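Asks: Sequence:
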Amino acid sequence: MWDQGLTEVCPLRGLPEPSTPLGPPTRNPGGDRVSPAPPQDWTRMATMVPSWLPSGAYWIFLISLLLVACLLPPGAQGQEFQMRVELQPPAVLPGESVLVNCSTDCLHAKLISVETYLLWEPVGSGRGWAAFQLNNVTGDTQFFCFGLCDDFQIVRSSNITIYRFPERVELAPLPPWHPLDKPLLLSCLLSGGAPRAHLTVALFKGEEELGRQPAAKGEPTEVTVTVSASRDDHGANFSCRTELDLRSQGLGLFQNSSAPRKLQTFAMPVTPPRLVVPQFSEVETLWPVECTLDGVFPASEAQVQLALGNQSLNPAVVSHGDRLTATATAKAEQKGAHEIVCNVTLGGKTLETRENVTIQSQNPLAITISLGVLAILGLVIIAAALMCVFRVQKQSDTYQVNQTSPRQPKEAAAAE
374 MWDQGLTEVC PLRGLPEPST PLGPPTRNPG GDRVSPAPPQ DWTRMATMVP
424 SWLPSGAYWI FLISLLLVAC LLPPGAQGQE FQMRVELQPP AVLPGESVLV
474 NCSTDCLHAK LISVETYLLW EPVGSGRGWA AFQLNNVTGD TQFFCFGLCD
524 DFQIVRSSNI TIYRFPERVE LAPLPPWHPL DKPLLLSCLL SGGAPRAHLT
574 VALFKGEEEL GRQPAAKGEP TEVTVTVSAS RDDHGANFSC RTELDLRSQG
624 LGLFQNSSAP RKLQTFAMPV TPPRLVVPQF SEVETLWPVE CTLDGVFPAS
674 EAQVQLALGN QSLNPAVVSH GDRLTATATA KAEQKGAHEI VCNVTLGGKT
724 LETRENVTIQ SQNPLAITIS LGVLAILGLV IIAAALMCVF RVQKQSDTYQ
774 VNQTSPRQPK EAAAAE
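Take any residue in the sequence shown, count from 1 to its spot, add 373: that is its number in this note's numbering.
Do not take every clue at face value.
No more than 27 Å apart at the CA atoms, straight line, and that leaves these computed lysine-lysine pairs for DSS-like [claimed, not checked]:
(1) K555 to K722
(2) K578 to K590
(3) K635 to K722
(4) K635 to K555
(5) K555 to K578
(6) K722 to K578
(7) K635 to K578
Treat the hints as calculated values from the structure; they're not laboratory data. Owing to the predicted nature of the structure, the values given are computational and were not obtained by experimental measurement.
Work the whole structure out from these sequences, hints included.
Replies: Set out below in structure tokens:
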């Protein structure tokens, strides 16, 4: 039984130690089954100490009862007999009722009753025992079982314990991003829950328990566990769980879990991105831009920005392992020095690289030469085409002449 709470009223008077508690109050010491007694039989017994006395009168009576018990000579307080107290159940939720069994081995015990500020009613009695129901228990409560054995007072106290489930179990918010290999403090906030001696708090990564601590007294209570964040922790769910263990009292294990929180871990290198652009270019001419950064985790979730001055480019971003590559094309409409910027952001950390590109106006001489070359190439192509056409035409005419004037060999010889 949890928290027996059985203490002798006068422990310094040499009273014997408490005996082994009785089992469930279903039978009396003589073996008789418990059965409700008629109300008139209980009225005389229960009114020995009315439970409706005002609080001041209650305490005066209680102190008087204790003084009388303590002032009795040694050996006179019920001889060797003691009062035993048994609760069923030993712990209750606020507002519930408790069955109390007060019993003794004294064969001549009488007027066995209970004293408490709670509302109570008798539910059964027998030789050397009496049972009572204490109603609407709202807090941890001490009460007394007492009776007469051979006209001597015997008294025993006990306690009723209230248990409560936690009202709040919450894992403190995690940072949006947490750097790899850095300590991470997990904190569980707890409000309510009793008795604290049977309440523990555990923190979990998924279903893996990371640590467990007893819930300390005080409101609210904070339980913390420190872990080192790794790549495996990226995207993992963390939570905390309370366990109110009342199995030793036959009430079971009561668990309550917080809502999970997702952790995101990241890593960024110390070195800035590598930006590759041409040193020189011309107005209205497209040229490539490439930005690369190694050692990014997770590379797929990094944000990359490429810009030519105030003009934002639209890069194509590709990640492979921990490498991040962004490519784009750019052109300038005005000559002069222009700045290209590559910006990589992850986990609230930003790395940036800047490079200058000199834009020149297009060369008129080069344009003239290019046009001349194109013109010459065009003339050559046209001439070649005409020659090809002329040759084909000549071959066609020769063939037609041969077909229209055929001669016999003899005639040809005579003509000669």
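Asks: It remains to establish, for every hint, whether it holds in the given structure.
Replies: For each hint, the structure was consulted:
A threshold of 27 Å between alpha carbons decides the hint, and for K555 with K722 the separation of about 15 Å falls inside it, so the pair holds. For the given pair, K578 sits about 26 Å from K590 by alpha-carbon distance, which is consistent with the 27 Å threshold. With a CA separation close to 20 Å, the supplied pair K635 and K722 stays within the 27 Å bound. With a C-alpha separation of about 17 Å, the suggested pairing of K635 with K555 holds against the 27 Å cut-off.
With a CA separation close to 17 Å, the supplied pair K555 and K578 stays within the 27 Å bound. This hinted pair checks out: K722 and K578 have alpha carbons roughly 26 Å apart, not beyond 27 Å. As the CA atoms of K635 and K578 are separated by approximately 10 Å, the hinted pair is consistent with the 27 Å bound.
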